[in-house]
Amino acid sequence: MREIAIHINPEYKRRVMSQSYVIVGDGIAGASAAETLREEDPEADITILTDEGEALYNRILIKEFAKGKLPEAPISIHDESWYDDRDVDLELNTLVTNIDPDAHTVTAHDGTEYEYDKLLLAIGGTPTQLPVENSDAEGIHHFWTFQDARNIKEHMEQAENSVVIGAGLLGIDLAAITAAQDVEGKYLMRGKAWWRYALSQDGAEIIHNALRERNVEPVFDSGVDHFEVDDEDRVTTAVDPNGDHYDADFVGIAIGLNFNTEILQGTDIEYDNGVYVDEYMRTNHDDIFAAGDITEFHDLILGERAQNGAWGSAKEQGTIAAKNMVDYGTEEFRWVSSYSITHFDFPFLSFGHPTLGDDHVEAKYSDTEWRRLAIKDGKIVGGVLIGDLSPQTKYKKLMREQVDISGQKDTLVKQDFELEDLEGAAAEQ
Amino acid sequence: MVSKAMCYHMSSKDGQPASASAFKAAPAVVPITDVPPGARVRHFDELSDRTQQALTTALPSGHLDINPESTNLSRGDVVVFTEYVRIH
Ligand SMILES: Cc1cc2nc3c(=O)[nH]c(=O)nc-3n(C[C@H](O)[C@H](O)[C@H](O)COP(=O)(O)OP(=O)(O)OC[C@H]3O[C@@H](n4cnc5c(N)ncnc54)[C@H](O)[C@@H]3O)c2cc1C
Chain W
1 MREIAIHINP EYKRRVMSQS YVIVGDGIAG ASAAETLREE DPEADITILT
51 DEGEALYNRI LIKEFAKGKL PEAPISIHDE SWYDDRDVDL ELNTLVTNID
101 PDAHTVTAHD GTEYEYDKLL LAIGGTPTQL PVENSDAEGI HHFWTFQDAR
151 NIKEHMEQAE NSVVIGAGLL GIDLAAITAA QDVEGKYLMR GKAWWRYALS
201 QDGAEIIHNA LRERNVEPVF DSGVDHFEVD DEDRVTTAVD PNGDHYDADF
251 VGIAIGLNFN TEILQGTDIE YDNGVYVDEY MRTNHDDIFA AGDITEFHDL
301 ILGERAQNGA WGSAKEQGTI AAKNMVDYGT EEFRWVSSYS ITHFDFPFLS
351 FGHPTLGDDH VEAKYSDTEW RRLAIKDGKI VGGVLIGDLS PQTKYKKLMR
401 EQVDISGQKD TLVKQDFELE DLEGAAAEQ
Chain V
1001 MVSKAMCYHM SSKDGQPASA SAFKAAPAVV PITDVPPGAR VRHFDELSDR
1051 TQQALTTALP SGHLDINPES TNLSRGDVVV FTEYVRIH
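Line by line, the protein sequences are chains W and V. Read in order, the letters of the first sequence are residues 1 to 429 in my numbering. Read in order, the letters of the second sequence are residues 1001 to 1088 in my numbering.
The shape of chain V in the complex, shown without the other chains:
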């Protein structure tokens, strides 16, 4: 039988900002493989049309052309889309 071991833990550094200064830059969308414990996870369908548009434009790994404070996304959020992405 196929092994189905899974990992919910942050096993790599993907999804982590490189440094504190990264927080000052425009929010970026970064693909991740594991969901950091405590992260808020949103499905793509929970986002407003504008946020969906900004997110799809930003992918695969660009900057998000929105103010996360004025949308329903914040830094640190994970979005389930065609892959899991995290807002930095």
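So here's chain W without its partners, still in its complex pose:
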């Protein structure tokens, strides 16, 4: 039989025939994309595939659940009726194992194939395992899913002593859970400061003191060499590289994320640490987009590739990706990300890319008030505010608008800084 190739103008197809969109991942990026797709394209077929066993929940509140401060109910964002109401097909417990960009299909672990016109990868990351002896012992936890939070909470409620590893934004959540659950804790860190790439000793000391007040002891120049276990393979002790032993029947590890790029192997979708996308969230394939933590996006503000790991950014990327899936070029992703810590009496907020830059300026105002701005080519690219968040919107505006603040670093960190204090072109903001 002779095969006849029918070419349909994509614009015609978009207008006249219903499009099918497949989204892999039902985190905030995937779910917000689904919501926007439905708004923008009422006739479309929309399918979300997720390997998790539950619909979208609030990943940034699961720490409050693990602390014992929130019940399960408010953590859930969408129940299954949310998807039904929008005619979105949600497939739980469905791990996508293969993508075929040429055939426009993805395949799930059970062999089911899903065809798409446009595909969105909103697949996030998985916590990095510590490559040391016994790191898979019982009692050692990583923290990403709601199920992890349930396990952590259950274990924490019976724990006597704990060790937390990972001196960053997720590690401190584990330390705060330890504190909230009244379990004595040791927080083992490499170097001499918590989040040493974004904070100086002065800034970090505010956090160290807050941890100590909550019975969590920071241990510096430490880390883990190996874990000791009992006869039932349960962790009993963390041994650091100095040979010091720390008893722990609970261990929490948060040393970073491995981005879920395995399913891209064997395809020609470009990726490195994350999936490469342009400012419209499109990959090197016209019909494949990505959003959320998984992306290495072209950051219009920074002027280079960047990766964000924050709720607000993932949500925005999902929305932007969806708009561009429906009509490419509709809206760019131009965003200053922020991430706060709410565990202490004083507020803490980091924004932009606080660990980047070729210069910085910082100031300490009191025992609980400190600020640091990261600067690149004379422009703010990120910062950390502790104690007083009021200058947040001013700094973000300067960053978003790429204002040259060269020579005005000291003005920026005046305690009561106002945009009018700046001179020259910067003053016009």
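Calculated directly from the structure, the hints in this document are not laboratory data. Glycine included, C-beta positions come from ideal geometry on N, C-alpha and C. All clues stand as given, with none of them false.
Covered stretches of chain W, as calculated for chain V (at least 3 residues, CB under 8 Å):
1. 58-69
2. 382-393
Going by beta-carbon spacing under 10 Å, a handful of chain W positions derived as facing chain V:
3. I75
4. G312
5. K315
6. K396
Beyond 12 Å from chain V on every Cβ pair, some chain W residues (computed):
7. N93
8. E113
9. R196
10. D327
11. H360
Here the structure of chain W is known, so what remains is to put chain V with the ligand in place on it, guided by the hints.
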């Protein structure tokens, strides 16, 4: 071992408006210790920059200088910040 009894219930009247007329006043931010059942709970990082600014300005217990209908906060919402606060 330390007792870890927890309470998710509204054990006190904190977070409750004094009367129906309270709803007519400008929204206020009130610290709470327990989350009322059914309340929508938001993390600070879910709020827009403007709402974050208004909220931090209003704390510890002031009026919120925003229209909750035009932001992503409504009366009755709980926000997880350095403490839990409720919008009245
Ligand atoms: C404990 C914790 C606390 C946090 N606190 C904050 C905070 O205070 N503020 C803040 O801004 N951010 C915080 N974050 C970060 C924030 O939660 C993330 O940046 C955001 O949730 C990323 O959303 P996402 O949709 O890109 O990815 P994810 O939420 O990771 O969603 C990806 C989904 O894809 C699924 N998936 C992956 N691969 C496949 C596959 N092959 N097949 C099917 N499904 C797949 C995953 O199971 C997952 O459900 C926190 C994160 C954690 C874990």
